[in-house]
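Based on the sequences and whatever the hints tell you, model everything.
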Amino acid sequence: MTCESALIPLAAIGDGLQEPKEKFYMNSLMLLVGAVFASLALGVLLAYGICQFMFGIFRVHALSAARRGRAASVSVSAGS
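Here the sequence shown is numbered in our numbering, starting from 1 and rising by one per residue.
Be aware that one or more of the hints could be misleading.
Okay, the calculated beta carbon distance ranges per label pair [as the list claims (entries may be wrong)]:
#1 A35 to R70: 45 to 55 Å
#2 L46 to R68: 31 to 41 Å
#3 P20 to C51: 29 to 39 Å
Below are the SDA-like pairs computed for lysine to any residue, each with C-alpha atoms no more than 25 Å apart in a straight line [said to hold, decoys possible]:
#4 K23 to V33
#5 K21 to A35
#6 K23 to F37
#7 K23 to G34
#8 K23 to A38
#9 K21 to L31
#10 K21 to G34
#11 K23 to V36
#12 K21 to V44
Simulated from the structure, these hints should not be mistaken for lab results. Each residue gets a CB set at the ideal place from its N, CA and C atoms; glycine is no exception.
Next up, the structure:
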């Protein structure tokens, strides 16, 4: 047995076994899966940004309501 006969031909490995139509479907599938994951990641980041923005608004509202409540309780206790 010589070295050349022991080697596997390159055409039998990888792309040589698939038909062009199968390669097209596999490439399209990988592109579709990548696009789905990218849009999912973008949606998660967008939702995170919206949540951070809304929590900031709620924090401002809670602080101003607390200040108003404190001012009202001081004026009530001062008046009695």
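So, against the hints stated earlier in the document, which numbers end up violated here?
3 and 12
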